[in-house]
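*Asks:* Residue numbers (numbering that gives the first Met the number 0), protein chains in the order written: chain A, 0 to 201; chain B, 0 to 201.
Hints in this document: simulated from the structure, not taken from any laboratory. Treat the hints with care, since some could be wrong.
Which copy is meant is left open, because identical chains are indistinguishable; a pair holds if it fits in one copy or across any two.
As the list claims (entries may be wrong) - Listed next, the in silico DSBU-like pairs over lysine-lysine satisfying Cα-Cα at most 30 Å (straight line):
#1 Lys128 to Lys50
#2 Lys35 to Lys136
#3 Lys35 to Lys168
#4 Lys35 to Lys56
#5 Lys124 to Lys4
#6 Lys136 to Lys56
#7 Lys56 to Lys128
#8 Lys35 to Lys4
Protein chains: 2
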Amino acid sequence: MTRPKGFTVWFTGLSGAGKTTLATALASELGLCGLKVEILDGDEVRSNLSKGLGFSKEDRDTNIRRIGYVSRLLARNGAGVIAAAISPYREVRDEVRRTIESEGAAFIEVFVKCPIDVLAERDVKGLYKKALAGEIKEFTGVSDPYEEPLDPEVVVETDRETIEQSARKIVQELTRQGFLRTDRENARSQTPIRIEHVPEAA
Amino acid sequence: MTRPKGFTVWFTGLSGAGKTTLATALASELGLCGLKVEILDGDEVRSNLSKGLGFSKEDRDTNIRRIGYVSRLLARNGAGVIAAAISPYREVRDEVRRTIESEGAAFIEVFVKCPIDVLAERDVKGLYKKALAGEIKEFTGVSDPYEEPLDPEVVVETDRETIEQSARKIVQELTRQGFLRTDRENARSQTPIRIEHVPEAA
Numbered sequence: 000m001t002r003p004k005g006f007t008v009w010f011t012g013l014s015g016a017g018k019t020t021l022a023t024a025l026a027s028e029l030g031l032c033g034l035k036v037e038i039l040d041g042d043e044v045r046s047n048l049s050k051g052l053g054f055s056k057e058d059r060d061t062n063i064r065r066i067g068y069v070s071r072l073l074a075r076n077g078a079g080v081i082a083a084a085i086s087p088y089r090e091v092r093d094e095v096r097r098t099i100e101s102e103g104a105a106f107i108e109v110f111v112k113c114p115i116d117v118l119a120e121r122d123v124k125g126l127y128k129k130a131l132a133g134e135i136k137e138f139t140g141v142s143d144p145y146e147e148p149l150d151p152e153v154v155v156e157t158d159r160e161t162i163e164q165s166a167r168k169i170v171q172e173l174t175r176q177g178f179l180r181t182d183r184e185n186a187r188s189q190t191p192i193r194i195e196h197v198p199e200a201a
Numbered sequence: 000m001t002r003p004k005g006f007t008v009w010f011t012g013l014s015g016a017g018k019t020t021l022a023t024a025l026a027s028e029l030g031l032c033g034l035k036v037e038i039l040d041g042d043e044v045r046s047n048l049s050k051g052l053g054f055s056k057e058d059r060d061t062n063i064r065r066i067g068y069v070s071r072l073l074a075r076n077g078a079g080v081i082a083a084a085i086s087p088y089r090e091v092r093d094e095v096r097r098t099i100e101s102e103g104a105a106f107i108e109v110f111v112k113c114p115i116d117v118l119a120e121r122d123v124k125g126l127y128k129k130a131l132a133g134e135i136k137e138f139t140g141v142s143d144p145y146e147e148p149l150d151p152e153v154v155v156e157t158d159r160e161t162i163e164q165s166a167r168k169i170v171q172e173l174t175r176q177g178f179l180r181t182d183r184e185n186a187r188s189q190t191p192i193r194i195e196h197v198p199e200a201a
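The following block holds chain A by itself, in its conformation from the complex:
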């Protein structure tokens, strides 16, 4: 019994850009399509795998490598993974991509893009205000680097799109890569899988 290869949808983006929200929406959307995925959320992983690590470049890289290691194990066993961590450094993201692709699984990098002034304006957790006032060291995008992906599979712009529109872009990429059937194939199948339940944007 050889399991089909799995995939990792890898979100990268600033704090507050909407990674966790989008991960949850996407997982729910994929669930409706009959595709169960595992969410590895940055905060949850820090508590389960990386307690004690800080926010230096080295510690951030270690944290990302651990998420990558778990993603790789899951993906090579045929599971689908959504990883949602800031993952600010390009080099370690690319390293994770290589380890996952070397298993014959897919790595789909999603740049969760939102301008920093919008994030500072929203500032749900009040962190940007503190960071901009110099009260938080090593705050990504303010006092710590964020390296945008150069060639991500998907870019979502959370200040311009609804969550449904962003999720749909990723669903389309997963469909293109063969992890979900297209509507035409669904129409032929006996138990149609609903992919595009998301209403069109106005």
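Given the coordinates of chain A, assemble chain B onto it according to the supplied hints.
*Replies:* Leaving out everything else, chain B in the frame of chain A:
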């Protein structure tokens, strides 16, 4: 699509008792039966997930919880896992058991048993000699506790059994729990799965 529940075969036992060797033999045996499993070896996990942790009770427990976390993710996605770490403390092993069983997956505790005088006699890595001479603090079974499992699913005695005999006990338990087909079912199937290729002991 609901994946079938997976399982975790959890080895516990002293250093040098044969956990890694048995894990490799068992994985190979299961591979012959068409069942791919993931080995989470204590040493490998320490390098991938737990670098920086030491051998205090707290750090050991953290390491075991991390292996448990990854095992749980894999098992709930239908994968089979063999975890091979000393895991000296009963309470955290039982905690891992509960988290895995709560996913509807199986936790099969295997006590890899070998008397300490046999281990000190073999002493492949020369560690027992040092530990017995007081040169290694926190060495399980010598200067650090080892809590034997009270009710493991399988006990293998590596000083009295061949590796094949030990592996076979675990294969039998996996068969009993429905993860492998029995010989009778194999005989009926079109592509027989060979389970018992291991020669009988003399």
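*Asks:* When no copy is specified for lysine 35 and lysine 168, does a C-alpha distance of 30 Å or less occur within a copy, between copies, both, or neither?
*Replies:* within (18 Å within a copy, 33 Å between copies)
*Asks:* How do lysine 35 and lysine 56 come out at 30 Å by Cα distance, when the copy is not named: within, between, both, or neither?
*Replies:* neither (33 Å within a copy, 36 Å between copies)
*Asks:* Within a copy, between copies, both or neither: where do lysine 128 and lysine 50 come within 30 Å Cα-Cα?
*Replies:* For lysine 128 and lysine 50, the Cα distance is within 30 Å only inside one copy (26 Å; across copies 34 Å).
*Asks:* Regarding lysine 35 and lysine 4, is the shortest C-alpha distance of 30 Å or less found within a copy, between copies, in both, or in neither?
*Replies:* both (14 Å within a copy, 13 Å between copies)
*Asks:* Are the CA atoms of lysine 35 and lysine 136 at most 30 Å apart within a copy, between copies, both, or neither?
*Replies:* Classified as neither: same-chain Cα gap 38 Å, cross-chain 46 Å, threshold 30 Å.
*Asks:* Go through the copies and call it for lysine 124 and lysine 4: within, between, both or neither, with a Cα cutoff of 30 Å.
*Replies:* So lysine 124 and lysine 4 fail the 30 Å test inside a copy (38 Å) and across (38 Å) alike.
*Asks:* Checking lysine 56 and lysine 128: alpha-carbon separation at most 30 Å within a copy, between copies, both or neither?
*Replies:* Close inside one copy (22 Å), not across copies (40 Å); limit 30 Å.
*Asks:* Please sort lysine 136 with lysine 56 into within, between, both or neither, judging by C-alpha distance up to 30 Å.
*Replies:* Close inside one copy (12 Å), not across copies (32 Å); limit 30 Å.
The earlier numbered hints that this structure contradicts are 2, 4, 5.
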